[in-house]
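Novice: Sequence:
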Amino acid sequence: MPLRHSLLAVLVMIIWGVNFLAIDFGVDDVPPVLFVAIRFVVVLIPAIFLVPRPAAALKDVLVVGLFLSLGQFALLYTAIALDLPPGLASLVLQAQVVLTVLFASVALRERPTTPQLVGVLLGAVGLVIVGVGRSAATPALAFLLAIAAAASWATGNVIVRRLGSVTQAAGTRQSPLAGLSMTVWSALVVPVPMFALSLALDGPAAVGYSLTHPTWAAVLSTLYTAWLASLVGYGIWNTLLDRHRASAVVPFTMLVPVVGMTAAWLVQGEVPNVAEAGGGLLLLLGVAITSGLLRWPDRRRYSPGT
Numbered sequence: 080m081p082l083r084h085s086l087l088a089v090l091v092m093i094i095w096g097v098n099f100l101a102i103d104f105g106v107d108d109v110p111p112v113l114f115v116a117i118r119f120v121v122v123l124i125p126a127i128f129l130v131p132r133p134a135a136a137l138k139d140v141l142v143v144g145l146f147l148s149l150g151q152f153a154l155l156y157t158a159i160a161l162d163l164p165p166g167l168a169s170l171v172l173q174a175q176v177v178l179t180v181l182f183a184s185v186a187l188r189e190r191p192t193t194p195q196l197v198g199v200l201l202g203a204v205g206l207v208i209v210g211v212g213r214s215a216a217t218p219a220l221a222f223l224l225a226i227a228a229a230a231s232w233a234t235g236n237v238i239v240r241r242l243g244s245v246t247q248a249a250g251t252r253q254s255p256l257a258g259l260s261m262t263v264w265s266a267l268v269v270p271v272p273m274f275a276l277s278l279a280l281d282g283p284a285a286v287g288y289s290l291t292h293p294t295w296a297a298v299l300s301t302l303y304t305a306w307l308a309s310l311v312g313y314g315i316w317n318t319l320l321d322r323h324r325a326s327a328v329v330p331f332t333m334l335v336p337v338v339g340m341t342a343a344w345l346v347q348g349e350v351p352n353v354a355e356a357g358g359g360l361l362l363l364l365g366v367a368i369t370s371g372l373l374r375w376p377d378r379r380r381y382s383p384g385t
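Residue numbers (our numbering): 80 to 385.
The list that follows gives simulated cross-link-like pairs (lysine to any residue, SDA-like), each with its CA atoms no further than 20 Å apart:
| hint | residue 1 | residue 2 |
| --- | --- | --- |
| 1 | LYS138 | ASN236 |
| 2 | LYS138 | ALA186 |
| 3 | LYS138 | ILE127 |
| 4 | LYS138 | ARG240 |
| 5 | LYS138 | PRO270 |
| 6 | LYS138 | LEU267 |
| 7 | LYS138 | PRO272 |
| 8 | LYS138 | GLY150 |
| 9 | LYS138 | VAL271 |
| 10 | LYS138 | LEU123 |
| 11 | LYS138 | LEU242 |
| 12 | LYS138 | PHE128 |
| 13 | LYS138 | ARG241 |
For the record, the hints were derived by calculation from the structure and aren't laboratory data. Given the structure is predicted, the values throughout are model-derived calculations rather than measurements.
Make a model of the complete structure from these sequences and hints.
Specialist: Quick look at the structure:
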């Protein structure tokens, strides 16, 4: 991959890593479920009038949005609102890689390789260590919600993979903007349910006040998460995936928790304890093995004449 494209991939990882800090700032002033609804309204308008609809059926696109957008971010925003540190959130969400392998083995009959099984095991152990040894200031519910967000993301990944297989089998030619199209159009499923849920959970008064008295932190956080993290980030990311092998692009996601935890340390003074750091490294090692970033050693034996 050319250096320019590698630098673009790093830029996306910086955008996505800082995104957790942006979410943390936003949920201080806006109820988390309402904040998700507002974010995806901004994602939708005006992009939905500019980006073509994905090749998949609309009902399939909405199912993708149910997990990749609504489920993932409703759970993540709520976890951060319940005091899950943003740096730790960026780390825990990487569990989606190992969960995707597990879910795909069940739903798609994709038999995991031996390295993937080892990676899943290491990732699971690392996640348990982080959970058990997390700071006393991090509520168990917030940690579990972050894992649920990773599971929702992984489920969405499996659905997208299944839809991609069906599209390829049908001989449909995908546009280079197919990934961005899915991001935008799948967001249709988010605003109405999230607004309704916020009205039920937070009450009309809180919703009305947040909408009529936006703070600068909430506005900037919304613009960052919607325009930079969703549209710019995925726009660049899907372009890179369209031009290069996934094995050359996907490993860059390992930088997200590094950026997220560094940003949280610099801005908020968030420092992981020994268990969070050790378990986090084990989780990332599992992710690296599962995603193929770390190759399994070749066991073939070579004779002098080979």
